[in-house]
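Listed below, chain by chain, are the residues.
2 protein chains.
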Amino acid sequence: MHVQSGAAVRTTVDECLSMQDGSMVELRGWVANKSDIGSLTFILLRDGSNYIQLVGKKGVSSDDVISIMKEVSIESAVLARGTLRSDARALNGKEVLVKDIEVIARAEEPWPINKSTVRSASFLYDNRHLSIRGMKSSSIMKIRSELIKAAFDFFYDHGFTFITAPSIVGTAVEGGATLFELEYFGKKVYLTQSAQFYEEAAICSFGKVFTMQPAFRAEKSKTPKHLTEFIMIEAEVAFNTQEDNMRLQEELLTYIYNRVAERRKREFDILGRRLKPVEKPFQRIKYDEVRDTAMKHGINFEWGEDIPTEAERLISRMFEQPFFITDYPLSARSFYHMCRDDDPRITLSSDLIAPEGFGEIATGGQRIHDYNTLLERIKSNNLPLESFRWYLDLRRYGMPPHAGFGIGVERVIRWLCNLKHIRATSLFPRTITRVYP
Amino acid sequence: MHVQSGAAVRTTVDECLSMQDGSMVELRGWVANKSDIGSLTFILLRDGSNYIQLVGKKGVSSDDVISIMKEVSIESAVLARGTLRSDARALNGKEVLVKDIEVIARAEEPWPINKSTVRSASFLYDNRHLSIRGMKSSSIMKIRSELIKAAFDFFYDHGFTFITAPSIVGTAVEGGATLFELEYFGKKVYLTQSAQFYEEAAICSFGKVFTMQPAFRAEKSKTPKHLTEFIMIEAEVAFNTQEDNMRLQEELLTYIYNRVAERRKREFDILGRRLKPVEKPFQRIKYDEVRDTAMKHGINFEWGEDIPTEAERLISRMFEQPFFITDYPLSARSFYHMCRDDDPRITLSSDLIAPEGFGEIATGGQRIHDYNTLLERIKSNNLPLESFRWYLDLRRYGMPPHAGFGIGVERVIRWLCNLKHIRATSLFPRTITRVYP
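Chains U and C supply the protein sequences, listed in that same order.
Under our numbering, the first residue of the first sequence is numbered 2, with each subsequent residue one higher.
Under our numbering, the first residue of the second sequence is numbered 2, with each subsequent residue one higher.
Hints listed in this document are in silico derivations from the structure and should not be mistaken for laboratory results.
Hints are not guaranteed to be accurate.
Chain copies aren't distinguished; within one or between two, either way the pair holds.
Quick list of in silico lysine-lysine cross-link-like pairs, DSSO-like style, CA-CA up to 30 Å [said to hold, decoys possible]:
id, residue 1, residue 2
1, 221, 189
2, 58, 226
3, 223, 297
4, 287, 226
5, 221, 421
6, 380, 297
Full structure from sequences and hints, please.
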């Protein structure tokens with residue numbers, strides 16, 4: 002870099018926004034936009050932390066500076082040095098009067114994302130490695146990053162141990178139909194669908210555990226709610242009942258939602274999303290009530306079947322706050338769910354539903370902790386006993402009642418950011434038709 | 002649960018250790034050990050947060066309580082209520098005089114892990130779902146959990162955005178020999194070896210990014226340093242040089258190491274590991290110096306070859322602090338490495354080496370940011386151009402100089418905890434011979 006350093010402070014845009022007028026700053030970033038008005042030349046600079054206006058002024062900035070600013074192409078990487086000053090008209094209320102500028106890496110012209118190509122979702126996702134630079138795409142990802150940090154802080158502050166479960170597994174947690182299979186040194190193995198079984202082992206050592214890692218579902222469903230690879234935050238707690246479990250979900254969601262809403266206000270503003278604070282306790286409605294309501298609206302399904310997506314969407318639209326659907330029939334749930342003492346057809350489980358039509362964001366429940374009940378359930382579901390040997394084994398050695406849940410990061414972000422399609426919540430989404438870039 | 006709640010406070014062991022003597026507490030946990038001395042019956046209770054001694058005393062505790070305490074089996078889950086009091090002889094200096102106790106889940110006898118079986122590594126890893134309850138295994142995992150949280154805090158405090166890169170990829174970052182392949186709706190895809198390429202795309206949007214996610218290597222190497230699935234923390238920063246990159250690694254490692262050493266003192270004590278504080282800057286030695294030293298000790302390898310494991314171990318043993326090996330020849334590095342201006346055979350890259358023989362824990366370097374240089378390198382390495390199309394594309398649109406690194410979580414833990422085999426650092430390790438449990 003040829004430019005002399007002088008007295009300028011190397012800083013990020015976000016940092017310099019809180020510095021005093023008159024400070025000499027040195028910024029590095031990309032040309033998000035540029036324009037000329039009379040004797041003034043403007044560059045909107047972004048550096049990942051924020052945006053700031055660079056100004057070149059004839060008679061004040063040198064001719065070299067002005068000509069570089071006029072000629073630099075959109076999305077070029079530049080280094081600029083100049084004086085910070087307040088200007089109410091500028092984005093974020095500050096601008097930098099440029100003294101030196103250098104193009105570090107010139108971008109080819111034209112920048113492929115324009116008013117016409119931006120209308121094609123397939124073009125944008127084929128060029129996701131470029132389109133993620135957009136103001137909206139990057140805002141979604143900043144919200145996502147903040148959400149994950151908030152979840153980490155929540156769990157650590159509540160005495161949870163972070164664990165990782167293997168991605169390569171020999172056992173299917175959620176059933177065999179939606180498994181990705183691979184060869185592993187001559188063995189047939191699968192990509193994990195959930196960390197739950199491993200968490201259940203871990204709670205007997207750590208009491209409370211959580212995970213944040215990829216989960217995989219080879220579902221052929223091409224819906225705006227499904228990715229084949231997604232991030233799940235899962236938690237499992239020894240001695241917790243389903244009631245404790247729902248309370249924990251309430252606390253977690255309230256904490257992360259309200260913190261992200263507060264700390265990422267700017268990004269939500271960019272997305273035009275106004276968030277109402279989430280308040281606990283969340284309402285709880287039973288499967289039977291959901292079914293009655295759905296049927297009144299002409300959506301019919303047999304008792305014992307899973308709630309169809311359209312019914313879930315209908316109910317979800319009736320709420321302004323997240324809520325739980327409880328008391329799912331056993332026939333609609335996986336084999337490991339514990340049932341009510343007073344009605345063995347009903348599980349101690351719940352789905353946590355986001356309002357406004359966004360639907361399910363988390364699933365949780367109390368797991369069977371008794372050996373014989375679990376053994377019977379594995380047999381009656383015709384599951385391969387050998388694969389579940391270690392999972393059963395846990396029930397022989399002091400497995401207390403316990404409960405847990407998994408929350409889909411992308412689904413929460415889709416709701417928070419009010420997005421039509423879940424792929425916009427993932428930096429490089431994987432769907433049944435997409436593994437590129 | 003039949004036991005009446007009374008005035009007891011439901012608490013964790015760790016919380017109750019800082020409560021006042023005389024407090025009535027309610028604890029839930031597992032019987033780690035038990036013994037009788039005269040009129041006293043002891044249970045060592047662990048609940049995942051810590052250990053505490055439960056005491057039953059004839060004449061003070063009821064006969065029922067005494068008999069339950071005598072008869073309960075090791076690793077049973079229990080609920081106990083009683084009065085907290087100080088006792089210098091007890092582990093952690095406190096004990097609970099038991100008033101009520103209930104066995105929540107009785108463990109079968111005998112507990113399979115005993116003085117004889119504990120000597121068999123294959124038995125312990127076949128029963129990892131049980132053996133993780135051990136004092137040492139769980140201490141390693143607590144250290145691991147703290148280390149990952151420390152890394153998250155570090156990166157957030159330094160303005161990094163957390164991203165996740167896909168696990169399912171179409172392109173091999175580190176070369177094709179060690180890829181796990183799978184079928185993806187009729188396409189051939191791979192499990193990721195590194196998030197680096199995706200991070201390189203992301204820095205043009207966020208400036209600084211980091212990841213923490215599984216990476217996969219189908220290496221047939223059966224060494225105490227290799228897992229087929231492991232957790233990598235990777236970071237990439239726009240406008241960083243290799244010098245900045247090494248400084249960032251120094252800061253990160255110093256921060257997480259010293260914080261974990263401080264906050265997990267108890268766990269390091271359990272492991273018998275005394276940690277000396279890590280101090281920056283780390284020493285830097287060149288590949289050529291390493292080669293000279295190795296050859297003086299009879300370990301010969303051609304200039305340009307990668308440093309053999311035994312040479313790395315030899316050098317690592319000569320240090321008490323982590324250090325960098327720099328100036329690797331291009332022939333020993335991947336195609337994307339940038340080379341020195343003054344010597345195109347030498348890369349701007351480094352390995353971060355842990356002392357005491359533990360060897361490499363991180364690899365980093367400056368990446369080629371120029372389109373033509375990268376294109377040439379892809380061609381001269383006979384790599385499929387089509388797979389690298391988007392990666393090359395980044396160099397057309399304002400890619401500045403940038404650098405990054407990947408640090409292997411399990412390797413850092415192996416060093417911190419002074420472990421012979423890396424499998425002990427993973428809750429459910431995956432090696433070429435192990436996918437169970």
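How the hints compare with the structure:
no. : hint        : result
1   : 221 <-> 189 : both (21 Å within a copy, 17 Å between copies)
2   : 58 <-> 226  : neither (50 Å within a copy, 59 Å between copies)
3   : 223 <-> 297 : within (28 Å within a copy, 62 Å between copies)
4   : 287 <-> 226 : within (23 Å within a copy, 51 Å between copies)
5   : 221 <-> 421 : within (19 Å within a copy, 44 Å between copies)
6   : 380 <-> 297 : neither (38 Å within a copy, 65 Å between copies)
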